[in-house]
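> One letter stands for each residue in the lines below.
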Amino acid sequence: MSDPRDFLPLTAGFFEILLTLAEGDAHGYAIMQAVGRRTHGAVKLLPGTMYRAFARLQEQGLLEEAPAGSSGDPDDSRRRTWRLTGLGRAVAAAEADRLAASVRRAERLDLLSDAESS
Amino acid sequence: MRLVGGVTRLLMLAFPRAFRRRYGADICRNARDLAHDAFREDGLHAVALLLGRLTFDLLRGGLAERRHALVPSPRPTPMLDTLLNDLRFAYRSMRARPGLTWLAVVTLTLGIGASVSMFSILDGVLLRDLPYPDSDRLMSVYTTIPEWRDDPTLGGSWNRARWSYDEYREWKARQESFTRASVHAATTANIVSPAGAEQIRLGLAGVDLLPMLGAAPVKGRLFSPRDREEAAAVAVVSHDFWRDRLGSDDAAMGRALEIDGEPFTVIGVLPDGFEFGSASTAVWLPIYETRPFGYFPGNTGDMEHLLEVAGLLSPATTPAQATGEIDRLLPAINGADHLTAHGGAVVPRLEILTAGVRAPLLILMGAVSLMLLVACANVATFLLSQAVDRRREIAVRSALGADGRRIGLQLLTESLMLALVGGLGGLLLAAQGVRALTLLAPRDLPRLADVSLDHRAFAFALAASTFAGLLFGLAPALTVTRAQLAQTFGATRFGSRGGRRLQQALIVAEVALATVLLVGAGLLVRSFLELNAVDPGFRTENILRVNTSPDTSAFFDSEGEFQAAAMDAHMTGVQTRLAALPGVRGVAVAQVVPFTGGAANNNVTGEGYDGADGWQTIASRRFVDPAYHELLDIHLVDGRFLTPADDRPEAASVVLVSRSLARRFWPDGQAVGKALNWWGQDSEVVGVVADIRERSLDTEPLLTFYAPRRRWSTLGGDYLVRVESEPSELVSAVRNALAASYPDLVVVGIEPITELVAESLAEARYRTRLIAVFAAMAAVLALLGLYAVSARSAAARKREIGIRVALGARPGRVTSLLLREGLGLASLGAGIGLVLAIAGSRVLSGLLYGVSPNDPLTLAAISLSVAAMAVVASLVPALRATRLDPVRVLRNE
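First to last, the sequence lines map onto chains A and B.
Mind the numbering: the first sequence is residues 2 to 119 in my numbering, read in order.
Mind the numbering: the second sequence is residues 651 to 1543 in my numbering, read in order.
Hints in this document: simulated from the structure, not taken from any laboratory.
Don't take each hint at face value.
What the hints assert, rightly or not - A few chain B residues that don't get close to chain A, going by computed Cβ distances all over 12 Å:
# : residue
1 : Ala681
2 : Arg810
3 : Asp977
4 : Asp1218
5 : Arg1313
Stated by the list, open to error - Covered by chain B, according to a simulated footprint, are these stretches of chain A (three or more residues, beta-carbon under 8 Å):
# : region
6 : 28 to 42
7 : 81 to 90
Even glycine gets a Cβ: it sits at the ideal position worked out from N, Cα and C.
So that you can see chain B by itself, here it is in the shape it has in the complex (with noise of 0.2 Å):
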């Protein structure tokens, strides 16, 4: 037997020596109890063989335990295993409270599905990169004129001056900063294609632009050197365009367009969905030094300085590395060029196109970040009253070996489920929010096109689900894990006094939150009608808007000599066919429609003004209808309009002036008389007319001029029509005429001028409805947060309203002492709120107009709303208390 515990022993060195250790003793006793059995029954002879059979065994677990100290066995690991519990036991228990489970389902889906929505849009616009190669080295290159920044009509691009082609070629040659640059330019053009003649946007492109923008030609090729070196006449097409006006043909190349009257052949289509400025251009031009484009005869002024660069900055350069150079190489620049540029601006092209909405999208993104914090505010409470009603079972699992921290732990899980399915929902409503948010979207948002529910917004939702989910789920989760817990087991009172406080201060947070949105909308909501009752100071109503494009080219004559009486002939003749309608009271030429964004400027000066400023200054000339004026009420301030004398080529040279222009000349109030010098001749100034705002609402009046047309021989195409009832349904008639009088005639639109204006407010009613729409979610939210405070607070209070009752107490007074609380948190939330919303109005003040960030009219109302609203989520609880029968109350208890 010794022996057989001394060959134990030594086998017993292939274990492990913790094994050894814990069982080597246990091991060797049975070692020796086995050999004292085997000799009792069979002898040595067993002994022996059991020897043998035990030194196999020791060796072999010996080894085998060695192995299994490196590699634990592969059984489902205690955190997975947990995990999984969890998440059953999580399951079960929202499916055994369902109300509860659908309430923050819902509230989650909504928070999340506008967040993603919001994201969606923010992430089309802003964040992604614009669809070409190197996009993020894509700069927009401009010169700075810092004369103009006082300018009123120069003043907003003082530091985004356009290039001539002078310009550019010096800038070009000398240049190192850029790998690739080339010129851009877009404008309005006819064209006569096989569908007919119509107006189109027209791209103007350097011949290195569009390759190096990545775009490969879907058919055909795009502009070459050799095209530049023969001054061809090319064009290259948009996909949309090759579809719908070329019917897809193969064969469209080698095709001629006729556009503005000149013939050029179709070389290329453009891949579909390529865009570059604008998503409608229809067709590509090629600049080359000679070729000008937009130039027509009787109208110098300012336009060569067309163009816009746009070039790859070079991998080891940065944008101010390039702006320094073009301050270094601005005597070749300037050299080239009568206009004096003092410096350059490099700017990556996506910031040119998105810098007006950038601050509108990064605060309607606050803002519905602030609608998901109240959501999830709203789910923890929900979730708090609920953790105290499951005190017992919590309780009896704490008996059951669970520590509070893995009570905890299962509770968060459970909170991350909730938000995860509240996350997969809001998905799906996101889907119909991202449609809805761009169909409201005004036209003109860049990149709209982009926006589009894909991975990102997938990752984004995931984030949000998470975040929110952690968020909500701390509250009852450290809650619970209190040792309060079994204090509280078997209490009466209402929920652990930390739970309860906690709910209080989220209900105070919520209220805040809503209050900060609220205040932001009613200041929005304030300066939208502020700007929608701006008097433009020219009449709106009753105005249709006719645009055409002629055919310039019918103006030409073989020679190429503009034939002044055809082209006036022209539009007098469709001016009168036009005031023959019935219902028209009148009809004017115009060269320039309000709120469409058009201009035309000259430098100008006037009798005996000396010019301190040592810039000429630039007014906005506008040649009219002597009846244009009358047409559109605009107020006469001192002299006479024009008149039809006044209209004939051979009549002395007469202007009316904007009154600011007369103030800045004249200040002694003497306009009328002076003379006004443009385009080198003077001019006498025969009256002063009210300014108007023609730019927007929000834009100061410009400095204006107004000669007649006929005098001067302008083309337009523009024609305001003065009808006597609902413009809108003169439409037809207008149309019909033009097509009956005017069969070439391209009719570009026919509208009233009260949808230009509404137009021009679309973005601010865009971004004012969106925060309305959030403010009021979240309002809505911290409603249901109170109410649902304030009735769990009645109902737990129900045994001391019971006695009170039947102490004597009056209803009112029972009603008001319930009421305390609800309005205690709300008051407290929404001074908070005030304070919050009152530091951060600045972050609104770019937004608004003709309201302060702190105007104490909407800060009083939104309070008093507040109280309000507070008022009756309190209220309903509190007066369904009252009613409780106090014996059967106390009967109960």
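Bound conformation, chain A alone (with noise of 0.2 Å):
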């Protein structure tokens, strides 16, 4: 198995497809929609640069498609429904251990804003 750290670090958008499908398995459009949802429109996922995104992440064997409906969805029953492999959850958990740290150094420096952030 590759070693998770190899794949750091991610890309906003790709951090996002992968948190969203740790929730679950779900299709391009529901992925879409989550993401927006949680950043609150920070991260925007069109569909041309999602599915290359799609692409590279089942290349790299982070991702891969799951038999359809298993999303639960459905009028899913049709569409390609995406799942996180083993390796992606690892991937998905270095990123934000990164990211933490990266927030702790912040803090500790006194950088972070009382606001809350995106």
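From the two separate chains plus the hints, produce the assembled complex.
Here is the structure:
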């Protein structure tokens, strides 16, 4: 198995995709919407970008296609559903760690504003 | 919405076809969904905005995807990724098994260290280019005289005959094969320098020789054509001589040196480390046609054919062509000379230098390689048994998705890592090994100074490690990838059958290789013992050799006439002085001391001999004191020894002949009373003495005759002193006596004859020792391997043994049961080894003396030794197994 740390740092878009799938399998449009919601519009995934991301993540073994309908959404039976692999999960965790470490460092240096991020 | 879909589909053309096919439908659907939501929230306005953003996104994305299809993103490539992982894993598993790892590393260090050391010697002596420009074209040129082939003295150099200056001149004027050529020779001479009087090695060089060899003087200049025209008495000195005897003085140029009584002016200093012919050549003198060297009055014989020729072959010519040219030029060459050459020989200079040591060195390299193979086999057996132990670990990895190939590759990586660590250790060992090998080497091993541990040795170490790693890594890697893994998971039986079989095969191979090495070592040891036991035909104990180099100029008067009386007085004086020392039984002057490589030959013929061979017999001539033969306990066969009465200048000319010479001329046995013709006169044979081996212990005795030295007024510097006690005790007494009575006499050396004999055996001793060491190492490794296999075997059969003992089997029976496997493997291995040794025995035949390569005694002794070792190696684990408490064993199972 590859070392998850080899994939860092992730772009914001990639990370959000992985985060979304960490909650469960989902199809493309659902991911698009979830990311937009979670980041309050800061990260807007458009189809071209998003599917290219799917292609890259799949090549690297972080994603795989799940059997159709596994997302539980009833009208998704024809949609391509994505699932996080073990490696993908590990990479997401590693990226989260990395970001958290950065946040802690910023905290110590007193760089963080009190306002909520994004 | 349909508009959006259509536009999207259009824009998708920006993407590569493969991508379009996979995700095109999804993207279109997504786009429609987005448009749907946008319209719901904000109406047409939002949809228009969306369209704009979509266009941008898809166009940019499409182009980026096309670019990506051509050049994949620079992530760590899967291959590099797995390699790094494998290395990390290998390191971890090595650390997890420190015992095995150390054992393997130590074994490999020994094997690779020995191989690299031996390779350095081989490389420095045989493989490396000579340190001259265009050295691959540097040739030594000789004439050939086939009639010499059968001659006992000259037979060895029939195709390496030297030149006279006349022959050389005729050849050089007409030859076209060489771009440059020159003559050279070597001798010893007395020199008087600011540091005092001593004997040195003198090099003689044609004017073009040193420039041809690329020697650039660090001070002054080399010989020039002008020197030749003027026949100038000039000299070029070595760097060591300039440093040690001339004090590195810049003003040394123009200084005068007295060489054998004649003055020479120093004109140049050679670079440090330059050598040609002999490493210890201190001074070079020029060879001109008009300047004969090494010529002493009263000593004619063939002193003219002294010169060797070296040349740079023209790039367009082959040695064979150059040889052919000499053949064509023979009429001119022979016309100038009284010797008749029949052909030429053009040989690369490197070959001339290394001829004698090529075979032994290659054999040694072969032996050490065999030892390395044994080491690899040993490590392979260790790894194999470990591979079986790691079944569980490997099965788990397999379940996690690694296929057999991946696991096998990972194990191979582990082996390579082990091998490289062993290689590193081997290099460190080799640094000491090379030093030891060079220190122990015979002093006259050519190019010994060129031996060093350098980048070529590193490259060899790397290659050897990689080869070793692949070799012993294949065994476990192959075994593990078998599908049997899944079957053996959970089984209690020892190892997969394939792994066990392979282990046994490896042990057999190890024992076979070790046997081959042991047979070789055994033969060489026997040969050395035979050689050591050879009776040279004269006494070697209690004889001291005193080597002096008298200043010969003192024996020539002002007109250059040789004063025999003066010389005789000197030698007799020294002889008397030495004889007066306490503990000395007798002193004899010797013209040629045995085992020093000296030679003095004459054409001879015997009375009544019809000389059917068309070429006169050449015999060794020795001028000796009458006391010589008795001093050396040389056996008198017929007639009488020489007496002081024979030893006067006015006495009748008499000689002693050696038994072989007597047989040659007078096979009927009546030599005494016959006449021997030499130097144009007849001498009466008054006695026949036993043959002695003067050259070396393994050379047949030469045809020899002895004449009284005073009768012939010959010059000599060697004295043989027979002492009552240990010769080495008298060395300082001799030195002091000579220093007191003859302060200007150069004493070159004082040593017991036994030391000379021992030195003549130095090369044989060296290679015998080395092969014995390699064989011993291989045997120890094979023993270890056998022990390990037997121990594992016994451990695995604990249950079976426990049952047997519980059922009442006697310990003896159980032991023999366990022994059977070990002995069986060893016997098979020894048998194969013996067959291989016999098949390859011819390789050693050139190095053996008095022992046939298939000597049955040696073969039998080695077989017995291997059997004994096998018994010991198998017995210990077998005995331990029988002492197990059967109840405990069965309970644990």
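> Three residues or more, CB to CB closer than 8 Å: is that satisfied between the region 28 to 42 of chain A and chain B?
Holds, because 3 residues of the region 28 to 42 of chain A bring their Cβ atoms closer than 8 Å to Cβ atoms of chain B.
> Does the no-contact call for Arg810 of chain B survive, Cβ to all of chain A over 12 Å?
holds, 68 Å
> Decide, holds or violated, for the assertion that all CB atoms of chain A are farther than 12 Å from the CB of Arg1313 of chain B.
holds, 88 Å
> With a cut-off of 8 Å between beta carbons, are at least three residues of the region 81 to 90 of chain A near chain B?
Result for this restraint: violated, n = 1.
> Using Cβ atoms and 12 Å as the threshold, tell me whether Asp1218 of chain B really stays out of contact range of chain A.
holds, 94 Å
> Is the Cβ of Asp977 of chain B farther than 12 Å from every Cβ of chain A?
holds, 73 Å
> Against chain A, does Ala681 of chain B hold up as non-interface, every C-beta pair farther apart than 12 Å?
The assertion about Ala681 of chain B is violated, with a minimum of 6 Å to chain A.
Going down the numbered hints, you'll see the structure goes against 1, 7, while the others check out.
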